[in-house]
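Engineer: Protein chains in written order, with the working numbering: chain A, 1 to 382; chain B, 1001 to 1314.
Wrong hints could be hidden among the right ones.
[Unchecked claim] Distance ranges between label pairs, derived from CB positions: (1) Q1188/B - R248/A: 32 to 38 Å; (2) V210/A - G1177/B: 49 to 55 Å; (3) T53/A - T1192/B: 57 to 63 Å; (4) N1003/B - P166/A: 55 to 61 Å.
[To be verified] Here are the computed lysine to aspartate or glutamate pairs in the EDC-like style, where the Cα-Cα straight-line distance is at most 20 Å: (5) K1199/B - E1185/B; (6) K1308/B - E1185/B; (7) K1173/B - D1148/B; (8) K230/A - D1091/B; (9) K236/A - D1091/B; (10) K1199/B - D1091/B; (11) K1308/B - D1196/B; (12) K1112/B - E43/A; (13) K230/A - E240/A.
Calculated from the structure, these hints are not laboratory results. Here a beta-carbon is modelled for each residue, glycine too, at the ideal position from N, C-alpha and C.
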Amino acid sequence: MKEKKGVFSYIADHRFLQILISIFMGFLVGAVFLIIMGLSVGEAYGRLLTSITSLKGFSYVIVYSISYIVVGLSVAFSFKTGVFNIGAEGQFVVGSMAAACVGILCGNLPGIVLIPLCFLAAMAAGAIWGSIVGFLKTRWGINEVLSMIMFNWIAFYLSNFIAGIPAIHSDGSAESTKNIAASARTLLPQGFIDRLNIAPTANWGILVAVAATVLVWFIIEKTTLGYELKAVGSNKNAAEYGGIGVNRSILTSLAISGALAGLGGALQLMGMGGRISVFTSQEGFGFAGIVVALIGCSNPFGVLVAGLFYGALIYGGSKLNLVGVPTQLINVIVGTVVFFISISILFERLNFTAVRHKTRKEQNIMQQEEIDKANEKGGGKQ
Amino acid sequence: MTNIINNLGIILYATLIYMTPLMYAALGSCFSEVSGVVNIGIEGMMTAGAFTGTVVAYFTGSPWIGFLCGGLAGMFFGALHAIATVKLGADQTIAGTAINMLGPGIVIMIAKVMFNSTDTIPLEPSMKIPRLFRGVFDTSTVFGRFMDNVFANFASTYLVFLAVIIVWFIFYKTRFGLRLRACGEHPQACETLGIDVIKMRFLCVCISGFLSGLGGACVTMAISTQFRPISIVGQGFIAIAAVIFGKFRPHGALLGCLLFGFCSGLKVVLGGSSGVNMQLLSMIPYAVTVIVLILFVGKSHVPSANGKPYLRTK
Chain A
1 MKEKKGVFSY IADHRFLQIL ISIFMGFLVG AVFLIIMGLS VGEAYGRLLT SITSLKGFSY
61 VIVYSISYIV VGLSVAFSFK TGVFNIGAEG QFVVGSMAAA CVGILCGNLP GIVLIPLCFL
121 AAMAAGAIWG SIVGFLKTRW GINEVLSMIM FNWIAFYLSN FIAGIPAIHS DGSAESTKNI
181 AASARTLLPQ GFIDRLNIAP TANWGILVAV AATVLVWFII EKTTLGYELK AVGSNKNAAE
241 YGGIGVNRSI LTSLAISGAL AGLGGALQLM GMGGRISVFT SQEGFGFAGI VVALIGCSNP
301 FGVLVAGLFY GALIYGGSKL NLVGVPTQLI NVIVGTVVFF ISISILFERL NFTAVRHKTR
361 KEQNIMQQEE IDKANEKGGG KQ
Chain B
1001 MTNIINNLGI ILYATLIYMT PLMYAALGSC FSEVSGVVNI GIEGMMTAGA FTGTVVAYFT
1061 GSPWIGFLCG GLAGMFFGAL HAIATVKLGA DQTIAGTAIN MLGPGIVIMI AKVMFNSTDT
1121 IPLEPSMKIP RLFRGVFDTS TVFGRFMDNV FANFASTYLV FLAVIIVWFI FYKTRFGLRL
1181 RACGEHPQAC ETLGIDVIKM RFLCVCISGF LSGLGGACVT MAISTQFRPI SIVGQGFIAI
1241 AAVIFGKFRP HGALLGCLLF GFCSGLKVVL GGSSGVNMQL LSMIPYAVTV IVLILFVGKS
1301 HVPSANGKPY LRTK
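Hey, can you work out the whole structure from these sequences and the hints?
Structural biologist: Right under this line is the structure:
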């Protein structure tokens, strides 16, 4: 018998559709809130769209997306090993600060040496920060969620402490570090930016983000390491039984994940700010990374698209004030999207129920047919 | 000697101030995690409670109605989390992340519409949670000052100690508590014994939201006088950390919160008197928590079924 697929089964099979439905629900709930507040839905969403579709707006979206994509990759990578990297925030912060130190202290090096050096320093710092947590977990069994939360705050104050050291601290009155050397910036040439009239912070960091996406995809899908990490993520005991070192895998995963988050910090610094302010509250990049990884289904290319989507929402959202709409609307929309992604397992259940109903019906029909046949046979004998 | 007693008084005062909101949220976290539902949405629920508490207190003039409504606002988001995770079998971490975005997003948006600012209007002293035993101690003597610092504290602080005892009693001395813990360890076994796991977990996540909301309300109605977007910055996560620290037991979480509060108090006193860098001092509570964990506490037993959605297959 050829099975006819229902709509639920189709959606249950296609993760992409579930994400689209969730995004739609996000905007729907956002619209409901706009109506309750007595604001125009068309005006708000129109503004959101027009602010990102101009060339300048689009260039801003890309600039915003760079670090979201890379931190998203970091979180997605750790998800594959079954570790929830809530510590990406701290890894981002130490990475960014390491890049700043190199960019300030080795400022006389040429860009071709300095930029890779900054990246390396950031990735090393992030990797160390991630590994500490991994080490605490594998050596003493310290719960990683707890130590990550603690290390996020330690990173926060460490960054503020370093920003206060005279060699790093701004010469002026600003509560921040010095500007990193111009040769350490990843900005596009000034003439190019002026001619196209795009965002003044337009930079080629997006190429690094795309390269990182491909690399992460390659590691996860095409290498033995990726296979082992995924095995640990899907069933720790089976992996161990199969001869994969679970502790080593967790350490490796956290180190790579940390390196990616650190790289995100460096890209943010070298592309956008050029210096690090003394924080008053956490920047929230780690949290953004979690959201991006979830919307991107922890698939590297999904994360790339999700990062752009998130960047567009954040940049577009910052322009909502102009039409009198609170910027927080974006948080409500994204929160709703994530909420619906979390319950998209519902489709599988709906499908399951539908299939069960169907099979029961079919069984009934088949039973009836058999009875009929038997009756006919019996009738023939008589 | 006078100085030491004075400083000790200040440290203990700061300890109690810091630990109160954390402890409410930690008790909330206990309820949810022990029943088998990971709740990282505590932070969002606290923010909702913090905002609602101040707004209601501002309009009704009664701190206690405000405090209660703060809890109810947290409960609303708790119920949302429960619908997703308990009823629909959602991934608990993802749903919690959503709550952390939705809670602050919605309340700050409402604040923007109501007050045309992200901050609420500061509360009058009479609308704040009152301080008990004020003026009972003679502050002209060293001992009196010490007693005043430690005991003339917010009513919410006294309440939270009471709440710890009540929750401990519920967890370990009642049938409800036994069932609750069983739901987090082996839901299938519970179901065969006729315990409605879905109902139990739903209730626990709602209670979790309520207590978190109370914790949030403490921040804005006792320690501070108004809600601002930076009122709740990470307390929810620290509370979760305290619960893991306390091995998912209410009295253990109390130790975690007290340790954390004490280190924060130490930071305040040292920051005032010594020349040590303030940023380095600020790391103490976090670093000490990790170190104590390594040296004395070690591995924490996570409820076996924690984080696993339980769905009846019928």
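Engineer: Does each hint hold? Answer for all of them.
Structural biologist: Going through the hints against the structure:
Taking 32 to 38 Å as the suggested C-beta distance range, the pair Q1188/B and R248/A conforms, at roughly 33 Å. In this structure, V210/A and G1177/B meet the distance hint of 49 to 55 Å, their C-beta atoms being roughly 53 Å apart. Remark: the range hint 57 to 63 Å for T53/A to T1192/B is upheld by a beta-carbon distance near 58 Å. Distance hint check: the CB atoms of N1003/B and P166/A are about 32 Å apart, inconsistent with the given range 55 to 61 Å.
At roughly 16 Å between alpha-carbon atoms, K1199/B and E1185/B fall within 20 Å of each other, so this suggested pair holds. Restraint check for K1308/B and E1185/B: the C-alpha separation of about 10 Å stays at or below 20 Å, so the hint holds. Distance check on the hinted pair: K1173/B and D1148/B sit about 35 Å apart at the alpha-carbon level, beyond 20 Å; violated. A hinted pair counts as satisfied when its Cα atoms are at most 20 Å apart, and K230/A with D1091/B qualifies at roughly 19 Å.
The straight-line distance between the Cα atoms of K236/A and D1091/B is roughly 19 Å, inside the 20 Å bound, and the hint therefore holds. Simply put, K1199/B and D1091/B have alpha-carbon atoms about 18 Å apart, close enough for the 20 Å limit, and the pair holds. Distance hint between K1308/B and D1196/B is fulfilled; the C-alpha atoms sit about 16 Å from each other, no more than 20 Å. With a C-alpha separation of about 18 Å, the suggested pairing of K1112/B with E43/A holds against the 20 Å cut-off.
Our distance criterion of 20 Å between C-alpha atoms is met by K230/A and E240/A, whose separation comes to about 12 Å.
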